[in-house]
Amino acid sequence: MIQSFKMAVKSIAGNKFRAFLTMLGIIIGVMALVILVSLVSGATGSVTDSISSLGSDMLTVSISDDKGNPITLQTLEEWMDEAGIGLIAPSAETSATARYEGTSGSVTVYGTTPAYESVNGLSLLLGRFLKFADVDNHTNVAVINETAATELIGYTDCIGEEISLNGVKFTVVGLLEDDEESLTAVFGRGSVVAYIPYTSLMRLSSNVSSQITSFYVSAETDMDTAKNAVTELLMERFDQDDDAFSVSSQDALEDAMGSVTSVLTILLGGIAGISLIVGGIGIMNIMLVTVTERTREIGIRKAIGAGRGVILQQFLLESVVLCMFGCMIGVFLSWVVLRVVSVVVSSLSMSFSLEWNVVLIAVGFCFLIGIVFGLYPANKAAKMAPIDALHYGG
Amino acid sequence: MIDLKNVSRIYRIGSTKVYALNKANLHIDEGEFVSIIGPSGSGKSTLMNIVGCLDTADSGEYLLDDVPIEDYTENELARIRNQKIGFVFQSFNLINKLTAEENVELPLIYQRVGKAERKARVAEALERVDLSKRARHLPSELSGGQQQRVAIARAIVTRPSLILGDEPTGNLDSRTTEEIMGIFHDLHRQGNTIVLITHDQEVAAQASRIVHIRDGKLSEVGV
Ligand SMILES: Nc1ncnc2c1ncn2[C@@H]1O[C@H](COP(=O)(O)OP(=O)(O)OP(=O)(O)O)[C@@H](O)[C@H]1O
Ligand SMILES: [Mg+2]
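Chains as they are written, first to last, in the numbering used here: chain A, 4 to 397; chain B, 10 to 232.
In short, the hints are calculated from the structure, not lab data.
If you're wondering where the values come from, they're calculated on a predicted model, not measured in any experiment.
Misleading hints may appear alongside valid ones.
Unchecked claim - Below, a list of computed lysine-lysine pairs in the DSBU-like style, where the Cα atoms sit at most 30 Å apart:
id, chain 1, residue 1, chain 2, residue 2
1, B, 26, B, 226
2, A, 13, B, 124
3, B, 142, B, 128
4, A, 9, B, 128
5, A, 383, B, 226
6, B, 142, A, 13
7, A, 9, B, 106
Isolated chain B, as found in the complex:
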């Protein structure tokens, strides 16, 4: 499903070059649960943004479902993000003036799903993350764990095949982390491909495969 070949991402700050990703190779099959672990500044978020079609590589090739990303226009990429990929960020990235319900509804609006079906699917997604009771609350009225669950609901409401988490538990305590991980495990069991970035060895260990990243270089460690 995901195929990165010699992908590099270089930031130029003045005259110095920072290799956020340095000839990275990564292959992930449909239905895998992969965690990516590495120290701060090692290029984890950069990798995730490229895999999630939010950013593009400076060199190398990225095939998503066997199609090179360069072949897509900007709007087609937006549609792929909308339909194939569910993104969960470390900082939640909810829209503050919309309620939980409205935040979850947004990707469906962009898909032009009818109102009745939208309502049903939003309710279903919130139910999955056990937040039905907080549907009409604004993000500012929710705890961090609850906000992250809203973000997960927003990621899964479109039934994407690939779910990406960029340190989704990074801001949460251990009990809430467990809850969130439980949801990811459920999603994995239902056949979704899951890629999780983390600092946390314990969290990483729950995945079926662990990839290490250091200074923009990837290395696999046995299963």
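Excised from the complex, chain A in its bound form:
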């Protein structure tokens, strides 16, 4: 076996350029498979990371039809006492023009309640978050994030500064850490953010009323119980019509992302697989040529006692070695390409590395191709009658 392996390597090495051309199909196929799948899983990996960093311990509820029975801050207050439900924070959003001394810019303004900080897992750098008193008195206070502070005010130590939102003066009371991993950051919008009391936003924007259409819920103990509790409350309120609202958890988002990823992976993997099969046909082609070229050698080997199995093994091994060698080169080149891509897009905070399970699949697939496409030529060699082979071509 070791002997036949050496023999196979030797006969491939005997014609390096042809071997390389033959392997090219396999090399390209392997690269397509490994690179595409690694890229997909690298890209989706960073998106899923940011989804899960939003916290999987949060439900997002949105109301599409309130049936004349709108949800108010009062309602949410009551629901927080229900079993299974932790905190509830309303969320309304508008875009406003912010001004500070000479500078101005667009800012995404969220109107909410103190519960928002804990439900969404925000981390405060300076000052404080919103208080109940702020909501009750529609105080004009704002909690802004680092980006907002640096872009608008110019420095982050800005507690007590006054900014104006759509011409209304707000006092900055807190500074939040930028959430670089957040979904909104990934999709590149709304990175300049201000949080103000829900009631203050009602005054600032005509689109926001006391009728709450979107809010976040955290769980008292576990997500499933919370989800059931919220759903039950909403069903009761909206005449058992489950089209009137939607309750979604981050898990669901992750699941959806996951299925998109797997569809994409299978699709690209399939395309790459086809190119590998094309590579395999190239191998078969060259193996048939090799067998014909070496008919006389086969005759000699048979004359001195090589059985069918020995000849079959010799050519099969040659085809498998050819495939595996191509596979190794392909994996290596994929690694190089992925390194280069990683460096080029490093600013996107995505990382691409060899997916080892794809490499394993590629190796297994190449092995299979070596066998399947080597079998016919090898069998052709093994079947030759010794005397005919010996007399081939003089």
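Dock chain B with the ligands against the given chain A, drawing on the hints supplied.
Chain B with the ligands only, in chain A's frame:
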């Protein structure tokens, strides 16, 4: 050891039939040195290929060591060629990309002989044909006589009981022919059965028995 009974081998080319062997009978005992002589196209190589289990007869019976050849499968025949028979061809039939040493080693690999023993026996066989110094040369780097000696080494390395030579000296000059014949005589003295095909009366005369072949028919001439 060899028993051919009414063996025929017919080649059909279009509608014409060529009797390469026509009801040939031949008996060779263990330890004999037989030469077969005949003109070109008379069926010598055909006979040799059948005796060497490379080809099969179209009719008649061939017993090797009292067993009819038809009883063997293809792989068993390969094993017989490997273990019992050493073949030396007119055109050497060495594998060009293997060195002398590797060519000689090949039949032992097919016998699954261990590496250490293989090396020892290859060295011994090359020594017998006086080619130890050329062990690592490729066939293309050797003269015709040297290549034929490599082929002989390959034939004897498995210690077969039957050595077949199909015009082994046909491509060689008279001095090299003598050297090669010397090796065959040595092998004969050591108890091997030897069958030699030749064109050359002088070479044929060195055997203990001469068989003539003409148009596929065999005839013996007195000792
Ligand atoms: N494969 C073949 N197909 C058709 N005819 C063949 C084949 N092999 C041999 N023959 C014919 O069989 C006859 C015997 O051929 P063979 O090779 O045995 O002759 P030979 O005695 O060895 O001749 P030489 O001394 O030239 O080697 C010849 O007439 C040849 O044309
Ligand atoms: Mg001949």
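Structure-based check of each hint:
no.	hint	verdict
1	B:26 / B:226	holds (15 Å)
2	A:13 / B:124	holds (19 Å)
3	B:142 / B:128	holds (15 Å)
4	A:9 / B:128	holds (17 Å)
5	A:383 / B:226	violated (35 Å)
6	B:142 / A:13	holds (23 Å)
7	A:9 / B:106	holds (13 Å)
This entry does not satisfy hint 5, going by the numbered hints stated previously; all others are met.
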